[in-house]
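Colleague: In order, the protein sequences belong to chains Y and L. Under the working numbering, the first residue of the first sequence is numbered 1354, with each subsequent residue one higher. Under the working numbering, the first residue of the second sequence is numbered 95, with each subsequent residue one higher.
FYI, nobody ran anything at the bench for these hints, they're computed from the structure. Backbone N, C-alpha and C define an ideal beta-carbon position, used for all residues, glycine too. The reader is advised that the hints may include incorrect statements.
Stated by the list, open to error - To give a feel for the contact side, a few chain L residues facing chain Y, derived at Cβ under 7 angstroms:
no.	residue
1	Val118
2	Phe139
3	Arg163
4	Pro164
5	Phe185
6	Glu197
7	Phe200
8	Gln202
What the hints assert, rightly or not - Non-contacting residues of chain Y with respect to chain L, defined by C-beta distances greater than 12 angstroms in every case (computed):
no.	residue
9	Glu1356
10	Gln1359
11	Asp1408
Unchecked claim - Computed far set for chain Y versus chain L, every beta-carbon distance over 10 angstroms:
no.	residue
12	Pro1397
13	Glu1410
14	Gln1433
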Amino acid sequence: QKEVEQNSGPLSVPEGAIASLNCTYSDRGSQSFFWYRQYSGKSPELIMFIYSNGDKEDGRFTAQLNKASQYVSLLIRDSQPSDSATYLCAAGNSGYSTLTFGKGTMLLVSP
Amino acid sequence: EPEVTQTPSHQVTQMGQEVILRCVPISNHLYFYWYRQILGQKVEFLVSFYNNEISEKSEIFDDQFSVERPDGSNFTLKIRSTKLEDSAMYFCAIPGPHGVNTEAFFGQGTRLTVV
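Go ahead and model the full structure; you've got the sequences and the hints to work with.
Modeller: Have a look at this one:
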């Protein structure tokens, strides 16, 4: 059974701070990892994907992957109130594979 | 970013009734996914559909569910006899443009309420 685990939160950070979101996965065959942002009542919106061990940066976002530890994280620098949402971690295999999602971590950024 | 439109945005149906949820990609796609999310729970995979055939399905996708591409563009998910526990957000998704290890882009979803 493939599982992706996340702390449900909420994670509360002040505006301008760094938010750190974490995720672990059970299937060592997983090769691709995704972070989605989901506002209440809306669909998941892709923020970043990462396939290789190490860090990947895109603007204020940095994804980190450690396949040995089966661990994925997302750092959000200079957090803004508009970043307040639930962040979903997902894992997939190669090709057009299905995604296994975690339950998500709620992030609250206070002004 | 690929786009996909879902209709209706909200569907209320009585238990035991059939519902059809629709998905229309902006550009031509051969590969589709359906996911669902029960309120407060994980996004769960239902089925993937490639070139007019089911590619993969989950345990949730039982005989009550079916998928079709009736006219070459719309992509439908049918639930034959809805149950209360079918109440959820249903998302259609399409792969991104990156090929191997590709991501999924979601439509805005259909909220299904079974009463």
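Colleague: Check each numbered hint from earlier against the structure, then list the numbers of those it violates in ascending order.
Modeller: 1, 3, 4, 9, 10 and 12
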